[in-house]
Amino acid sequence: MSTTLRINGKTHQVDLPDDVPLLWVLRDEVGLTGTKYGCGVAACGACTVHINGEAVRSCQTTLADVDGEITTIEGLGTPKAMSIIQQAWVDHQVAQCGYCQSGQIMQAANLLTDNPTPSDADIEEVMQGNLCRCGTYPRIRAAIHSAAQKMQEA
Amino acid sequence: MASIGKIARRTFLIGSAAIVGGVAFGAYYVSRPAPNPLKPGEGEAALNPFVLIDQQGVTLFAPRAEMGQGVKTTWAALIAEELDVELEDMRVLHGPAARAYYNSAFMADALPNRGYDVSDFQHSIGEVLGVLGRTLNMQGTGGSTSMKDGYKRMRQAGATARETLKQAAANRLGVDRDQLKTANGMVQAPDGTSMSYSEIALDAAKLDPVESDLRPRSEWRLLGKTQPRVDMIEKATGTAEFGIDVRQPGMKFASVRMNPRLGAGMNGFDATEAQSMPGVEKIVDMGDGVAVVANNTWLAMQAVEAIEVDWQEAPYPPETDQVFARIAEAFDDEPNSTMRDDGDADQLPEGAVELTAEYQLPYLAHATMEPMNATALFEGDKLTLWCGNQMPTIHQWKCAAEAGLESEQVEVHTTYLGGGFGRRVELDFSILATRLAKKMPGVPVQLTWSREEDMRHDFYRPGAIGRMRGAVKDGAAVLLDGKVAAASPVAQVMDRIAGLPAGGPDKVHVEGFFNPPYAIPNFRMSGHLSDISIPVGFWRSVGNSFNGFFVESFIDEMAHKAGIDPMEFRLALARQEWAPAAGVLEAVKEMSNWTGQTPDGVGRGVAMCYSFGTPVAQVIEVFDDDGNIRLNKAWIACDMGLALDPETVKAQMSGGMVYGLSAALFGEITFANGEVEQGNFPDYEALRMSTMPHTEVQVLETQKHMGGAGEPGTPPAAPALANAIFDLTGKRARRLPLMHDFNIWT
Ligand code: FES
Ligand code: FES
Chain A
1 MSTTLRINGK
11 THQVDLPDDV
21 PLLWVLRDEV
31 GLTGTKYGCG
41 VAACGACTVH
51 INGEAVRSCQ
61 TTLADVDGEI
71 TTIEGLGTPK
81 AMSIIQQAWV
91 DHQVAQCGYC
101 QSGQIMQAAN
111 LLTDNPTPSD
121 ADIEEVMQGN
131 LCRCGTYPRI
141 RAAIHSAAQK
151 MQEA
Chain B
1 MASIGKIARR
11 TFLIGSAAIV
21 GGVAFGAYYV
31 SRPAPNPLKP
41 GEGEAALNPF
51 VLIDQQGVTL
61 FAPRAEMGQG
71 VKTTWAALIA
81 EELDVELEDM
91 RVLHGPAARA
101 YYNSAFMADA
111 LPNRGYDVSD
121 FQHSIGEVLG
131 VLGRTLNMQG
141 TGGSTSMKDG
151 YKRMRQAGAT
161 ARETLKQAAA
171 NRLGVDRDQL
181 KTANGMVQAP
191 DGTSMSYSEI
201 ALDAAKLDPV
211 ESDLRPRSEW
221 RLLGKTQPRV
231 DMIEKATGTA
241 EFGIDVRQPG
251 MKFASVRMNP
261 RLGAGMNGFD
271 ATEAQSMPGV
281 EKIVDMGDGV
291 AVVANNTWLA
301 MQAVEAIEVD
311 WQEAPYPPET
321 DQVFARIAEA
331 FDDEPNSTMR
341 DDGDADQLPE
351 GAVELTAEYQ
361 LPYLAHATME
371 PMNATALFEG
381 DKLTLWCGNQ
391 MPTIHQWKCA
401 AEAGLESEQV
411 EVHTTYLGGG
421 FGRRVELDFS
431 ILATRLAKKM
441 PGVPVQLTWS
451 REEDMRHDFY
461 RPGAIGRMRG
471 AVKDGAAVLL
481 DGKVAAASPV
491 AQVMDRIAGL
501 PAGGPDKVHV
511 EGFFNPPYAI
521 PNFRMSGHLS
531 DISIPVGFWR
541 SVGNSFNGFF
551 VESFIDEMAH
561 KAGIDPMEFR
571 LALARQEWAP
581 AAGVLEAVKE
591 MSNWTGQTPD
601 GVGRGVAMCY
611 SFGTPVAQVI
621 EVFDDDGNIR
631 LNKAWIACDM
641 GLALDPETVK
651 AQMSGGMVYG
661 LSAALFGEIT
671 FANGEVEQGN
681 FPDYEALRMS
691 TMPHTEVQVL
701 ETQKHMGGAG
711 EPGTPPAAPA
721 LANAIFDLTG
731 KRARRLPLMH
741 DFNIWT
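Each protein sequence line maps, in turn, to chains A and B.
Each residue of the first sequence is one higher than the one before, starting from 1 at the first, in the UniProt record's numbering.
Each residue of the second sequence is one higher than the one before, starting from 1 at the first, in the UniProt record's numbering.
The hints are simulated quantities; they were obtained by calculation from the structure and are not laboratory data.
One should not assume that every hint holds.
[As the list claims (entries may be wrong)] Derived DSBU-like pairs (lysine-lysine); straight-line CA-CA distance at most 35 Å:
no.	chain 1	residue 1	chain 2	residue 2
1	B	Lys225	B	Lys72
2	B	Lys633	A	Lys150
3	B	Lys282	A	Lys10
[Claimed, not checked] Computed from the model, here is a short list of chain A residues facing chain B with C-beta under 8 Å:
no.	residue
4	Val20
5	Pro21
6	Tyr37
7	Val41
8	Cys44
9	Ala46
10	Ile84
11	Gln86
12	Trp89
13	Cys100
14	Cys134
Idealized CB from N, CA, C, for every residue including glycine.
Assemble the whole structure, with the sequences as input and the hints as a guide.
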């Protein structure tokens, strides 16, 4: 059956069973591969996207559950026009292998919308669902603080 | 193509070759030129290109895989330093699989010396032996070898390219080469005329390459300073292509299920239910497993799970207890190696106090963030493979065999790796993707493991047992006598890759065991190999990952027995043996303001390990949070000899420590019915933002040789933490993970 999705401001028609998780719709059907598969069980955060601005784990959101506008890492900014938070990630040289970072950035973007000046404790609380096997946490924390500051100035 | 000019330079030659629209410079090797990735014509020697200058500008091939260690950036900086181009003006590509990219440092590390004590003579022998790496076709990324290997060759290629371009410009302008300068990818004449490298590239291709001395360190503008990583923007925007992101026209998605009893076969399967599931296009018998091809990875995973399979029994003892009993049997046999045997370890020195301890460490999974996958396209006489891998030439060779082709008929595209840690040295993902692609000629197919399949089909860090005996007298260690038993990753990898038995003493098995840089007069360390067939492989820092724990836990026990502060106890032993080892201890002592005293409710531990050419010391601080143990702070000091990019080194040190701490706290792979019990992150936890200690890293550069960065941060992490927990609780951790014996805050 055919489902209509709004992703990064564009409309897509997809033809997949409605229990397929959004993650795999994005990656294998729509071709947006920036959103990553890490665990499939809500334990790593690599698949984080926004629905109506809220961070959700796309591996846990079935096609039938999607209700609203989807934003993926590709919709947050592009290499030529990065969002403030992506720029902070580059400035702080956060990534090592980089595989977890789309999810980290999407989660952090949502944190900053909800809480424009997060403390270390706030960051720990919100970001603990996002695993990084390379251990980039200190730089993620620093990048979030500096993005927060830039957004205040903007 | 012009004939190739070359300059002799140690064990390699710098050569140049004409290419379409320009010139290539690179290294090529003594005695037997390896086939050229640029495919030179009949009668032409082979060149291994590192830098191409054509009408598009300057392109660099980084022949090492980027798995997060910043290798792309640092290799580029090595060339740019001599070539006088800016990093942001170069394109950096990962070179195609080619035997010429052999990794000399891999082999040099296999020499039976202690590493830190090599003389210059031994060091150059090591380099020469590195040429042997080529006979194994080792183009590898691992063992923290990337920078050691490229350090001279890349700079030499850059310097030769620069001087040759200057000569071409000098010929055109009718001036002496010495009068010309280079900057920003341009040659400049005294009269103000300037020409871009692209303009003169074709002329340069007609010249013999011009040799030049390397610039001294005092003149460096890029090296030794932190450079912006060239892969950051891609990784912050979701545009970096990992193996799992490869998309080819008409590509199908597949998933696999291999026998969870590792290494055993399959009696048969029933796929009736899977066959009729949505999206399913094909069920494939993979020999000792099954695969499903579908139009979506998730649908393929669901269907492959629905297949009923009759698996054969495990070829090893099926329960964890039996596995370790079997490993312990190796102690009954003659040791495979006794690479340290100083003084008389049988005799207890007069007046000394003896102590013994046995430690046991679990099997561990790599758990890279990106689950294993590979994409393959088989077209009868050609196989194309896309995957993240740490050994492209070996993948090419083994997949050719799987497909019934010659190596030359296989093209390997190495993507970014979503974590390597040693897992991507293995070949299973490429071989299985090839097996599947062969059944679907003309159709590209991407094979992705579920996380559970990935965790249950790893090549694990071997479970290991350490039996330690020591003696202290007058506040110092006077005897250390240790035995380690575990299966050998080297023996298994040699068998998997080459079908060859690994003979002789297995140095990797006892790394960090026989060579801790401590002066102890009676010092004997032996390695016992278990032949248990559970698949094992190279896990970040390999043998050091367990040996570091055995030695540094036991040294702590000895210090305690001797009644000496564990920092001072180590310092005294290290000072007499090797100054850089003492230096990193001094550094963490100062950074952490170590006094030997901690307030109630706080514990501190220290450990120092030497691995992959780098001594690293760590102090970890824990505290009691309402009955639970929490990590508070960590201090790391390393001595790199030369840190080409200090921020990258810091990131690797801190990341290496996190990898070791995660394993120490939560990591274990256990067996029931011959199957791995853990399947996903909830059963194989790791440090997270909330459990990560605040970390400071200091990079020293006092030792003579250049050390590795990727692995040495891992070995001291577990013992430093266990020693801190002892300081806090008075209880020794003789086994890991710690979560079984202590209340760990999560
Ligand atoms: S893939 Fe969704 S949380 Fe891990
Ligand atoms: S950067 Fe590698 S998993 Fe986070």
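Hint check results:
no., hint, verdict
1, B:Lys225 <-> B:Lys72, "15 Å, holds"
2, B:Lys633 <-> A:Lys150, "28 Å, holds"
3, B:Lys282 <-> A:Lys10, "33 Å, holds"
4, Val20, "6 Å, holds"
5, Pro21, "6 Å, holds"
6, Tyr37, "7 Å, holds"
7, Val41, "5 Å, holds"
8, Cys44, "6 Å, holds"
9, Ala46, "7 Å, holds"
10, Ile84, "11 Å, violated"
11, Gln86, "4 Å, holds"
12, Trp89, "4 Å, holds"
13, Cys100, "5 Å, holds"
14, Cys134, "5 Å, holds"
Hint compliance for this structure: hint 10 is the single one not met.
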